[in-house]
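**Q** Assemble the whole structure, with the sequences as input and the hints as a guide.
Residue numbers (the numbering used here), protein chains in the order written: chain A, 1 to 213; chain B, 1 to 213.
Errors might be hidden in some of the hints.
[To be verified] If you want a taste of the chain A side facing chain B, the calculated C-beta under 10 angstroms gives, among others:
| hint | residue |
| --- | --- |
| 1 | L15 |
| 2 | H57 |
| 3 | L112 |
| 4 | R166 |
[Stated by the list, open to error] Not close to chain B: a few residues of chain A, all C-beta gaps over 10 angstroms, as computed:
| hint | residue |
| --- | --- |
| 5 | S6 |
| 6 | R17 |
| 7 | E23 |
| 8 | T62 |
| 9 | D65 |
| 10 | R73 |
| 11 | V84 |
| 12 | E149 |
| 13 | T178 |
| 14 | I179 |
| 15 | E185 |
| 16 | Q196 |
| 17 | R209 |
| 18 | H210 |
[As the list claims (entries may be wrong)] To give an idea of the chain B side of the interface with chain A (calculated C-beta under 10 angstroms), a few residues:
| hint | residue |
| --- | --- |
| 19 | D14 |
| 20 | T104 |
| 21 | R200 |
| 22 | N205 |
If you're looking for bench data, these hints aren't it; they were derived computationally from the structure. Note that beta-carbon positions come from the ideal geometry of N, C-alpha and C, so glycine has one too.
2 protein chains.
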Amino acid sequence: MSFQPSVVLVDDHDLVRAGVRAELGDAVRVIGEAADVVEAVDAIEDRTPDVVLLDVHLPSGTGADVIKAVLARGIETKFLALSVSDAPEDVISVIRAGARGYVTKSIKGDELVAAVIRVAEGDAVFSPRLAGFVIDAFSATIPEPTDPELDLLSPREQEVMRLLARGYAYKEIARRLTISIKTVETHASSVLRKLQLSSRYELSNWATRHRIV
Amino acid sequence: MSFQPSVVLVDDHDLVRAGVRAELGDAVRVIGEAADVVEAVDAIEDRTPDVVLLDVHLPSGTGADVIKAVLARGIETKFLALSVSDAPEDVISVIRAGARGYVTKSIKGDELVAAVIRVAEGDAVFSPRLAGFVIDAFSATIPEPTDPELDLLSPREQEVMRLLARGYAYKEIARRLTISIKTVETHASSVLRKLQLSSRYELSNWATRHRIV
DNA sequence: GGCGAATTCAGGGAAACCCCTGAGTGTTCC
DNA sequence: GGAACACTCAGGGGTTTCCCTGAATTCGCC
Numbered sequence: 001m002s003f004q005p006s007v008v009l010v011d012d013h014d015l016v017r018a019g020v021r022a023e024l025g026d027a028v029r030v031i032g033e034a035a036d037v038v039e040a041v042d043a044i045e046d047r048t049p050d051v052v053l054l055d056v057h058l059p060s061g062t063g064a065d066v067i068k069a070v071l072a073r074g075i076e077t078k079f080l081a082l083s084v085s086d087a088p089e090d091v092i093s094v095i096r097a098g099a100r101g102y103v104t105k106s107i108k109g110d111e112l113v114a115a116v117i118r119v120a121e122g123d124a125v126f127s128p129r130l131a132g133f134v135i136d137a138f139s140a141t142i143p144e145p146t147d148p149e150l151d152l153l154s155p156r157e158q159e160v161m162r163l164l165a166r167g168y169a170y171k172e173i174a175r176r177l178t179i180s181i182k183t184v185e186t187h188a189s190s191v192l193r194k195l196q197l198s199s200r201y202e203l204s205n206w207a208t209r210h211r212i213v
Numbered sequence: 001m002s003f004q005p006s007v008v009l010v011d012d013h014d015l016v017r018a019g020v021r022a023e024l025g026d027a028v029r030v031i032g033e034a035a036d037v038v039e040a041v042d043a044i045e046d047r048t049p050d051v052v053l054l055d056v057h058l059p060s061g062t063g064a065d066v067i068k069a070v071l072a073r074g075i076e077t078k079f080l081a082l083s084v085s086d087a088p089e090d091v092i093s094v095i096r097a098g099a100r101g102y103v104t105k106s107i108k109g110d111e112l113v114a115a116v117i118r119v120a121e122g123d124a125v126f127s128p129r130l131a132g133f134v135i136d137a138f139s140a141t142i143p144e145p146t147d148p149e150l151d152l153l154s155p156r157e158q159e160v161m162r163l164l165a166r167g168y169a170y171k172e173i174a175r176r177l178t179i180s181i182k183t184v185e186t187h188a189s190s191v192l193r194k195l196q197l198s199s200r201y202e203l204s205n206w207a208t209r210h211r212i213v
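**A** See below:
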């Protein structure tokens, strides 16, 4: 392995960056660091590293935001997500955005070095426990897009939807919005039809998945 | 500050431990490390450090488990929780268990050193954003005990309760348990009465809060 | 044997949920 | 002025939820 890739480190925790830097040693060149989305995009644009080591959760956004912004500017670099989380939604979103790998912070230092080098060379790298998720995600196609479906609802319908998802009775919703029960029924019906759901309980789950409640 | 406290480091991530070790420098003596609950308890019992730097989430349990086990053995030491999470429930549980402080991993190295020393000297240390949580938690007293109320339900009732909380219709529950709808109604009624809830939606929320679904 | 509990089921009824058609008002945009 | 849309409301009907009373069976326990 004659190759010493250059790396930009993105993580909002000083301690984690210090740890990663220490563990990477001189197997790679750390040519930049950033703690939030804007800093990260600037640093990556400025330095154009071989690999960006990227936390999925940042104070001002997500790792996926960084990837999208960088790719939108046409910069060629590779992303390796490095996170404490192995939650499927985190993995999926960052991979969808364009990351070439995803490893958890429980990785050993030498394994991390190996992962960075493999990504720099174009491989995809996943922690063993995460490989299953990635495959499942792309075969099962569970998109959870959040936004576009919500736009189907008119403002008033969204209002009713929120109260509905929280389990309020029609009567109670009518009282809070000072409209008649019949109007609530109409809105509720539209909401369920537009979201292709069949009961308020499904709606409740839908809203939870999409972090609306 | 003539005092150089001894510290045991508990975190399941090698990278994080390396980072903490690097940032602590020689202001404190790191006399032990552990990556899970059992290791941690053994190490703490063996070395009896002034301070234990403790991650709240471990593979085999929680930081609170470590604290309880150590305190149960009558060992005198102080705990400083160190976590990426600032979720109220994490903070509350570990403080309830007996931690003397809670800082997030976004803390700077020198601030961490200062926090460790203050805890060693008997102070309580909290990240500014977390202080509010701790005060609220003890005044508001939102315990969510999970267990005792569940024991009120007979086995069959618990079974029905779980399906009910997931939103299955009586008809569907009857089919799954191969009993009549009327029997499901009876159980559902008992469940709601015993838990003092008034609808399946409240039950659904209750079950979510108590992590049953 | 009796007693309590858990489990099963039925009938009946009030309320809530969900859907359908239809309709009046207001706004915006062409 | 008319089309499109959002918001409002009504009547009517089928389904589901939730509660009530009452009752049969089984099991373990004193």
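**Q** Please name the hints from earlier in the document that this structure breaks, with their numbers sorted from lowest to highest.
**A** 6, 7 and 11
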